[in-house]
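Asker: With the hints as constraints, model all of the structure from the sequences given.
Here the protein sequences come in this chain order: A and B.
The numbers in the first sequence follow our numbering, run straight up by one, and end at 432.
The numbers in the second sequence follow our numbering, run straight up by one, and end at 144.
Derived by calculation from the structure, the hints in this document are not laboratory data.
Please note: incorrect hints may appear among the correct ones.
[What the hints assert, rightly or not] Below, computed lysine to any residue pairings styled on SDA-like, alpha-carbon distance capped at 20 Å: (1) A:Lys74 to A:Ala119; (2) A:Lys38 to B:Met112; (3) A:Lys245 to A:Ala265; (4) A:Lys103 to B:Leu102; (5) A:Lys103 to B:Met112; (6) A:Lys113 to A:Ser99; (7) A:Lys158 to A:Ser204; (8) A:Lys103 to B:Gln46; (9) A:Lys38 to B:Leu102; (10) A:Lys103 to B:Trp53; (11) A:Lys113 to A:Glu52; (12) A:Lys103 to B:Ile96; (13) A:Lys74 to A:Trp53; (14) A:Lys103 to B:Gly31; (15) A:Lys103 to B:Leu116; (16) A:Lys316 to B:Tyr43; (17) A:Lys113 to A:Ala51; (18) A:Lys38 to B:Leu116; (19) A:Lys103 to B:Gly63; (20) A:Lys245 to A:Ala205; (21) A:Lys158 to A:Asp86; (22) A:Lys74 to A:Val118; (23) A:Lys103 to B:Phe50; (24) A:Lys111 to A:Val46; (25) A:Lys103 to B:Thr114; (26) A:Lys111 to A:Ala97; (27) A:Lys38 to B:Pro113.
All values reported here derive from a predicted model rather than from experimental measurement.
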Amino acid sequence: MKLTHFLATLALAGLLGACSEDPTPIQYGATPELPEPKRGLLPDMVIANPAEWGEQLPIVPEGYSISAIATGLKIPRQTLILPNGDILVAEGRGGNASSLKPKDVIASYIKAKGTSSVASGNRLTLLRDADGDGTYELNTVFADNLNAPYGLALIGDKLYVANQDALVRFDYRQGQTQVSGPPQLVTPLPSAINHHWTKALTASADGRYLYVGIGSNSNITERGMTAEVDRAVVWRINASTGEHKTFASGLRNPTALAIHPDTTALWAVVNERDEIGPNLVPDYLTSVREGGFYGWPYSYWGQHVDDRVRPQNPEKVASAITPDYSLGSHVAALGVDFSTPAMGAQFANGAFVGEHGSWNRKEPVGYKVIFVPFSDGRPSGQPVEFVTGFRDDDGTTRGRPVGVTVDPRGALIVADDLSNTVWRITPDRSTQ
Amino acid sequence: MVPPVIEKHYSQLIHPLHAVLLAGTLPLFFGALLSDMAYASSYEIQWNNFASWLIAGGLMFAGIALVFAIVDLCCSRRRAPGLALYSFILLILWIIAFLNALMHARDAWASMPTGLALSAIVAVLAAAATWFGFCTPRHGGVKK
Numbered sequence: 001m002k003l004t005h006f007l008a009t010l011a012l013a014g015l016l017g018a019c020s021e022d023p024t025p026i027q028y029g030a031t032p033e034l035p036e037p038k039r040g041l042l043p044d045m046v047i048a049n050p051a052e053w054g055e056q057l058p059i060v061p062e063g064y065s066i067s068a069i070a071t072g073l074k075i076p077r078q079t080l081i082l083p084n085g086d087i088l089v090a091e092g093r094g095g096n097a098s099s100l101k102p103k104d105v106i107a108s109y110i111k112a113k114g115t116s117s118v119a120s121g122n123r124l125t126l127l128r129d130a131d132g133d134g135t136y137e138l139n140t141v142f143a144d145n146l147n148a149p150y151g152l153a154l155i156g157d158k159l160y161v162a163n164q165d166a167l168v169r170f171d172y173r174q175g176q177t178q179v180s181g182p183p184q185l186v187t188p189l190p191s192a193i194n195h196h197w198t199k200a201l202t203a204s205a206d207g208r209y210l211y212v213g214i215g216s217n218s219n220i221t222e223r224g225m226t227a228e229v230d231r232a233v234v235w236r237i238n239a240s241t242g243e244h245k246t247f248a249s250g251l252r253n254p255t256a257l258a259i260h261p262d263t264t265a266l267w268a269v270v271n272e273r274d275e276i277g278p279n280l281v282p283d284y285l286t287s288v289r290e291g292g293f294y295g296w297p298y299s300y301w302g303q304h305v306d307d308r309v310r311p312q313n314p315e316k317v318a319s320a321i322t323p324d325y326s327l328g329s330h331v332a333a334l335g336v337d338f339s340t341p342a343m344g345a346q347f348a349n350g351a352f353v354g355e356h357g358s359w360n361r362k363e364p365v366g367y368k369v370i371f372v373p374f375s376d377g378r379p380s381g382q383p384v385e386f387v388t389g390f391r392d393d394d395g396t397t398r399g400r401p402v403g404v405t406v407d408p409r410g411a412l413i414v415a416d417d418l419s420n421t422v423w424r425i426t427p428d429r430s431t432q
Numbered sequence: 001m002v003p004p005v006i007e008k009h010y011s012q013l014i015h016p017l018h019a020v021l022l023a024g025t026l027p028l029f030f031g032a033l034l035s036d037m038a039y040a041s042s043y044e045i046q047w048n049n050f051a052s053w054l055i056a057g058g059l060m061f062a063g064i065a066l067v068f069a070i071v072d073l074c075c076s077r078r079r080a081p082g083l084a085l086y087s088f089i090l091l092i093l094w095i096i097a098f099l100n101a102l103m104h105a106r107d108a109w110a111s112m113p114t115g116l117a118l119s120a121i122v123a124v125l126a127a128a129a130t131w132f133g134f135c136t137p138r139h140g141g142v143k144k
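Answerer: This is how it looks when you write it as structure tokens:
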């Protein structure tokens, strides 16, 4: 009985140890501080406490204004600016991963408390501001009966939509407010289980290819290795034939993709693994090299081996590329887009990143839109907060940013999937 | 004719439902141990899932059995020799099995090897609880 007492005490000590405060290390930039992996018996879970915006608005920098251009949507995720200034909003919620363990049943119940309860829209909504006064007076369903659409891209007169199970194509002519027919299938996408269901999408600069981000089917292989075939990868798809190749791998959950306007390189924001501590593993912004392997599941941030994966693979670990720029652990980056000089001098060169916000951390992080300054096509310097005020210190959470899209006319469009709002941030005329 | 007053042992008083639940903990926790061993040797994740559910089932059975035992402890008519020891073992079993359930909630290999060690301890305790729950002590070599 002594031994069992000892073990129980030991385990309880471990449980309490997990609850101690953790100083937040500096985790922005190319060389984040990485503590040792650790986890108590219970994962840290602090869930957003949803509340209405009321009269309040998100906070933007001096010299900028924010307004809600669409409300009452059905889970807006990503947006696309069309050539005539119309905005398309992809709305939906996907995934059909079943609970594998008792833990999944409990965790999914708790996590659902921090998200919107609105039914999945499975549609695209078109917003139009015909007179340019900043009010998007037209709000109409552009396409319906889609399957958790997420990524959007326009190449010439073809609109590409990444559903959670397939890449589809619509014909588009300028000024259209509704699709003229059902979509054409370009290629099916890996969709079994769909633990991470979002299919990020962007078009190559020359318009020949589409890049699709396909997230892993688990946190860290707990659904088995066979579930990870064609997962945690970026596919490059030939826009005209639909044929694909794996462009890069080991990217746990590439939730948004963007092409750098000068270098035409592909960049991605990637959500990293959970449950090895509040300060592991940093989510990141990285350029995506053709044929590159970025670590998942075997290692993180380059060659830091994740001991939870069996069998291990030292050869793959040795080939793992270190990402370019850490955004901090658990911030849940879900949107990225490159800026333009029309956004004002301070925010002219760099990338906006939408951070949905953490659940697996005692001190919540994220819940904001940041700006990562670039120079010569690479990130340079500390990130700057661009939109905040989504979450109060007491846990009251009015919104959670997802997709961010830069309107070349000088506006940032932010989709908020908690308050089901699309926000538009513009520089005041005097600052331009 | 009035039957002679004999001292009853707890095993003779145990409620049938209590008995079934108590005996059921053994295959559940032993099954969890076997599943853990299979996962540890094959890295096949499904064994890890099996173990998690077997532990959850064992916890439910042992939990209800523990409630029966506590009720009996509170009821002087049913407080027979052997009950206190049995209840104590059952309580320790439940606590360690609960810690084991939390350990098995970790993803993939993170539950190992501690989960395997805890499963072994829990299986032994389940056997001990079952033994002491049903054991009829012998006095002077004569079974009463």
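Asker: Indicate, hint by hint, whether the structure satisfies it.
Answerer: Results for each hint:
no.: 1; hint: A:Lys74 to A:Ala119; in the structure: 6 Å, holds
no.: 2; hint: A:Lys38 to B:Met112; in the structure: 14 Å, holds
no.: 3; hint: A:Lys245 to A:Ala265; in the structure: 17 Å, holds
no.: 4; hint: A:Lys103 to B:Leu102; in the structure: 8 Å, holds
no.: 5; hint: A:Lys103 to B:Met112; in the structure: 16 Å, holds
no.: 6; hint: A:Lys113 to A:Ser99; in the structure: 17 Å, holds
no.: 7; hint: A:Lys158 to A:Ser204; in the structure: 14 Å, holds
no.: 8; hint: A:Lys103 to B:Gln46; in the structure: 15 Å, holds
no.: 9; hint: A:Lys38 to B:Leu102; in the structure: 15 Å, holds
no.: 10; hint: A:Lys103 to B:Trp53; in the structure: 10 Å, holds
no.: 11; hint: A:Lys113 to A:Glu52; in the structure: 15 Å, holds
no.: 12; hint: A:Lys103 to B:Ile96; in the structure: 17 Å, holds
no.: 13; hint: A:Lys74 to A:Trp53; in the structure: 17 Å, holds
no.: 14; hint: A:Lys103 to B:Gly31; in the structure: 19 Å, holds
no.: 15; hint: A:Lys103 to B:Leu116; in the structure: 18 Å, holds
no.: 16; hint: A:Lys316 to B:Tyr43; in the structure: 18 Å, holds
no.: 17; hint: A:Lys113 to A:Ala51; in the structure: 12 Å, holds
no.: 18; hint: A:Lys38 to B:Leu116; in the structure: 19 Å, holds
no.: 19; hint: A:Lys103 to B:Gly63; in the structure: 18 Å, holds
no.: 20; hint: A:Lys245 to A:Ala205; in the structure: 18 Å, holds
no.: 21; hint: A:Lys158 to A:Asp86; in the structure: 15 Å, holds
no.: 22; hint: A:Lys74 to A:Val118; in the structure: 6 Å, holds
no.: 23; hint: A:Lys103 to B:Phe50; in the structure: 13 Å, holds
no.: 24; hint: A:Lys111 to A:Val46; in the structure: 9 Å, holds
no.: 25; hint: A:Lys103 to B:Thr114; in the structure: 18 Å, holds
no.: 26; hint: A:Lys111 to A:Ala97; in the structure: 14 Å, holds
no.: 27; hint: A:Lys38 to B:Pro113; in the structure: 15 Å, holds
Comparing the model with each numbered hint stated earlier shows that all of them hold.
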